[in-house]
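Enquirer: Mapping the sequence shown onto this note's numbering, position 52 (from 1) lands on 1138, and the numbers just tick up by one.
FYI, nobody ran anything at the bench for these hints, they're computed from the structure.
Just so we're clear, the structure is a prediction, and the values are computed from it rather than from any experiment.
Worth double-checking, as some hints may not be accurate.
Stated by the list, open to error - Computed spacing ranges between beta-carbons, pair by pair:
(1) L1276 / D1175: 37 to 45 Å
(2) Q1317 / G1249: 15 to 23 Å
(3) R1203 / D1175: 14 to 22 Å
(4) G1221 / D1261: 19 to 27 Å
Each residue gets a CB set at the ideal place from its N, CA and C atoms; glycine is no exception.
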Amino acid sequence: MSQDTYRRVVLKLSGEAFGGGAVGVDPDVVQAVARQIAAGVAAGVQVAIVVGGGNFFRGAELQRRGMDRARADYMGMLGTVMNCLALQDFLEKEGVDTRVQTAIAMAQVAEAYLPLRAIRHLEKGRVVIFGAGAGMPYFSTDTVAAQRALEIGAQVVLVSKNGVDAVYTADPRTDPAAQRLDDITFDEALKRELMVVDQAAFSLCKDNALPMLVFGADDDGNLRRAIIGEQLGTLIHAADD
């Protein structure tokens, strides 16, 4: 499958990246992310974004420390909204009209998630940031990124990773024989047990032939390059694409 310029994408961003390795939001990091996204929008790509909340809360980790999983997940959803608002602020400082839509109603700070309204915003050149996960516990933001991409008709899910630049046959940090994969089908990835996102997200993409690009966010400019369709990272796609 060749990578041409995309028309509409969903970009999945790590919440941990927003914190720059610490709890909270690092304004310098978010500003750099916003500038790259703005460059992608300027190239004519319609961009929707899903942001994690791991720089504030991770439901599964809080559960292991004794919290109720559903309540911990809701805390994580609120953390994603804080990241959404931070990214919205820096995107608008870059001159990009931006809307935040949340799966949990909070009308004073964001719109409710409505797919048709999101599509309309994208068609007008606005960036749409989806917050509060799926609005339900037990769903990761990886899964939400795939679901939102399908619902708004995106051509690809762009999954940015920190600390790794692509999908490998093994962990390159521990296995010197690990080989980088530039292109692989969903079936091959399943056979090799290369689960780069959670299984629900992977299944949604596989079952609906929605391509997924996994790439490293550490290099300056990679977010922009991924948005405009340049070849980088690993493209995972259906067998007949």
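Enquirer: Is 37 to 45 Å respected by the C-beta to C-beta distance linking L1276 and D1175?
Expert: Taking Cβ atoms as reference, L1276 and D1175 lie about 40 Å apart, which means the hint holds.
Enquirer: Indicate whether the distance between the beta carbons of Q1317 and G1249 respects the range 15 to 23 Å.
Expert: Holds, since Q1317 and G1249 (Cβ atoms, about 21 Å apart) stay within the stated range.
Enquirer: Between the beta carbons of R1203 and D1175, is the distance compatible with 14 to 22 Å?
Expert: At roughly 21 Å between Cβ atoms, D1175 and R1203 fall inside 14 to 22 Å, so the hint holds.
Enquirer: Hint says 19 to 27 Å; check whether the CB-CB distance for G1221 and D1261 agrees.
Expert: 39 Å, violated
Figure legend: structure checked against the earlier numbered hints; the only hint not met is number 4.
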